[in-house]
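Add chain V to chain X, keeping to what the hints say.
Those protein sequences? They're chains X and V, same order as listed.
Per my numbering, the first sequence runs over residues 131 to 582.
Per my numbering, the second sequence runs over residues 131 to 582.
A hint or two may mislead.
Intra- or inter-copy, both count: the list cannot distinguish identical chains.
Taking lysine to aspartate or glutamate and the EDC-like style, the derived pairs with C-alpha atoms no more than 16 Å apart in a straight line are [to be verified]: (1) Lys211 to Glu197; (2) Lys236 to Asp484; (3) Lys353 to Asp340.
Hint data in this document are derived by calculation from the structure and do not stem from the laboratory.
Protein chains: 2
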Amino acid sequence: MTKHKSRKDMVQPPSGFPELLPAEQIVYQKFLDTVREVYELFGFAQIQTPAVERVGILTAKGGDEKEIYTLSRLAAGPGEKSQTDMALHFDLTVPLARYVSQHKEKLTFPFRRFQIQSVWRGERAQADRYREFVQCDIDVIGRGSLDIMTDAEMPSVIYHIFRKLDIGPFVIRINNRRLLQGFFEHNGICASDIANALRIIDKLEKIGTDSVVSELSMQLGIKEDEARAMIDFLSTQRTTDETLDFLRSQQMGETFAEGVAELAAVVEGIRSFGVEDAYFCLDLTIARGLGYYTGTVYETQLVDFPQVGSICSGGRYDNLTSAFSDEKMPGVGISIGVTRLVLKLIKEGVLKPDRATPADVLVTMMDARYRMKYLRVAEQLRSAGVNTEVYLESKRLGNQLKYANRKSVPIVLIAGEDEIAKGVFQAKDMRTGKAIDVATKDIVATIQGMLK
Amino acid sequence: MTKHKSRKDMVQPPSGFPELLPAEQIVYQKFLDTVREVYELFGFAQIQTPAVERVGILTAKGGDEKEIYTLSRLAAGPGEKSQTDMALHFDLTVPLARYVSQHKEKLTFPFRRFQIQSVWRGERAQADRYREFVQCDIDVIGRGSLDIMTDAEMPSVIYHIFRKLDIGPFVIRINNRRLLQGFFEHNGICASDIANALRIIDKLEKIGTDSVVSELSMQLGIKEDEARAMIDFLSTQRTTDETLDFLRSQQMGETFAEGVAELAAVVEGIRSFGVEDAYFCLDLTIARGLGYYTGTVYETQLVDFPQVGSICSGGRYDNLTSAFSDEKMPGVGISIGVTRLVLKLIKEGVLKPDRATPADVLVTMMDARYRMKYLRVAEQLRSAGVNTEVYLESKRLGNQLKYANRKSVPIVLIAGEDEIAKGVFQAKDMRTGKAIDVATKDIVATIQGMLK
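The following block holds chain X by itself, in its conformation from the complex (with noise of 0.2 Å):
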């Protein structure tokens, strides 16, 4: 008994460490699927890097080393060294910079890259924190320069993909980090200070206002009532026309101005690429906390959930591969954290986990004898693309209409003496629990039609 449980304990897997059952993991290919077929119907090319990096890349670009987990073997040979110099990466972002830099001149420019891998982080488990998750990101990366339609076509790949992902509505915030450091500067705040300003504007959704507030002038010395009236000025809502009137009509140096510009720019782009007005916003406060953004960020929210936050961010980076080449390649890129997302839609019901197979038809082994009548129509139907399962253990028919039930199998073949000598197979629809006879030589075109 104790070995027993002890056992049970051993399989528990560490926590941090998602894992699906089938009809959970079906949901959440599916979800992968469409990501992958929207991403390849605007011509981004799939990479994939190494899970490992060497530790020298991954603390280049600043990764936290708390984060990073190395790897050593868990035994070395005689003379050998179990330590490693290498470690799993924590992003998509640093890979995608090493592979930049080592295959430049193999790869055509702007290139355009999808990648959908897992990344690690060594953080402490929490709810929504995973230390293993499935990233998908696109970058398009130019070769000393990046036109400003790029930054466009991003929030137009993500409308496509959440209407054809049809998890209820979006809307895509837009900002730009040159029209915040202009403002900053405007105001006051010197060099130094802009990084720390953007990092807690960044939080003002999750903190509010008083917090926000109270951090400007605790950690950056900015007076309460100056910087109530820097959110003021970021946070008023108008409409997308307005905010770039508003913006365009007020003084604030070069950098602000450049900003002002590239987001208009980016307005006009968005909309040419189709994308309806309801889906996108310009939302002043929207930061990105991370420090190599240097223009247009973004970030996604579902409408009915703001409490998932974003689900999809990104933004344009003046240089990607600084830290390994004197070359200037400009990027912009977003990124969907599909585990937490699709796990946080699953609990919401927004998913529906139904199916615990991917057949169509359950073919029963009502009576082996027929065996081989059985497995000729699951080739046929194989053949016509229907995914078919034959059922091969010696189980009662009852037995065998339960496994197709537990596993959600929307239809089931069934043939005893009677249908053989008829030359028919009984198609029972598990949905509705309907059954009819159906001639062999029906039986692809009728299945395709139960199906449909």
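Below, chain V without anything else, positioned relative to chain X:
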């Protein structure tokens, strides 16, 4: 200069971790997609397990400690340990055993799952041996028992996959470990030596008869002429039916007879699954080195590339979860090591990476004044499922065509002032160089026709 050089060294990835360029990645991904498609066609459900398991899980099933990569955090907070009790999985069978043990009350048995994931092995990097590679596994796990027909279904899945992949003729070689065990027992090899005898016999193809004879004699004390007679017995070439007749005529005890009966049932099953005789054979020298196989074993060879070795292997095991549970869970499975296989097939010219993008169409930006028209035609094409990229940089048309050529985009759309005035786009087939004018409303149909 020195600085530049050291940076260049820095971006060399660790050896043994293969990485593909976009064109190779497309070929590789198509391969994976086909494998997944066939797995689903047979009603296997996907699962994915975390990259890591607890170290105790991995060693409980007998993993080689030198091959296991454990995880540590690069830095730890105050009072925290950097060492973890987690390690990267080295195959997908151990995670499956843990998954089934943990979730068995929520799964439906026989449990049919496929799993396509990376595995990691800390071996010395050498040609064709990778430290990270992708395996595509299917297994069927029974609770208590599992019909021998499942052993016959596996070759049928292999058959469909490699026919569909269209990489040349292949042969699935089938044997039975029980038969071999009975044969060795009958030949006076003691129980404790049989695993070793299987391991040695398994090397026959690699090291030849003489070396196997000498190993059997040196390591197990078998007389050389007896060893040679055993190898003769196992390696005599016969047709499938002749082999079965020959085996049935031998009196070598109960275990041997059980093995022969299983093998005969599997052959009958394979044929009823519709696998043509040219695609499988009995090969009594196939033993599979791994300790856990207990019945049917498989290997698959490309006829034109025998040097690639087995491209898909597997077998039957009596009890998947013995390390974690007292319940008997027999299973049968196969595994394709795709990374090594695809890289080999690319090297041999069987798979030809010819396109660096999924885009079928590039809409050029000939004149930015007509950007809206370009974006609109791209939208039309995407709505019809045609992967379409719009060139967004301000470059001369020549550069844009060069860009399309370098990535091997098959069709390019061009419209300047004249075309726009006439309401047409020029559709240029980059494969033939031919260009035609197409009315905007006919573009989708025309492009679809050109792509067929």
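Consistency of the hints with the structure:
{"no.": "1", "hint": "Lys211 to Glu197", "verdict": "between (23 Å within a copy, 13 Å between copies)"}
{"no.": "2", "hint": "Lys236 to Asp484", "verdict": "between (45 Å within a copy, 14 Å between copies)"}
{"no.": "3", "hint": "Lys353 to Asp340", "verdict": "within (13 Å within a copy, 89 Å between copies)"}
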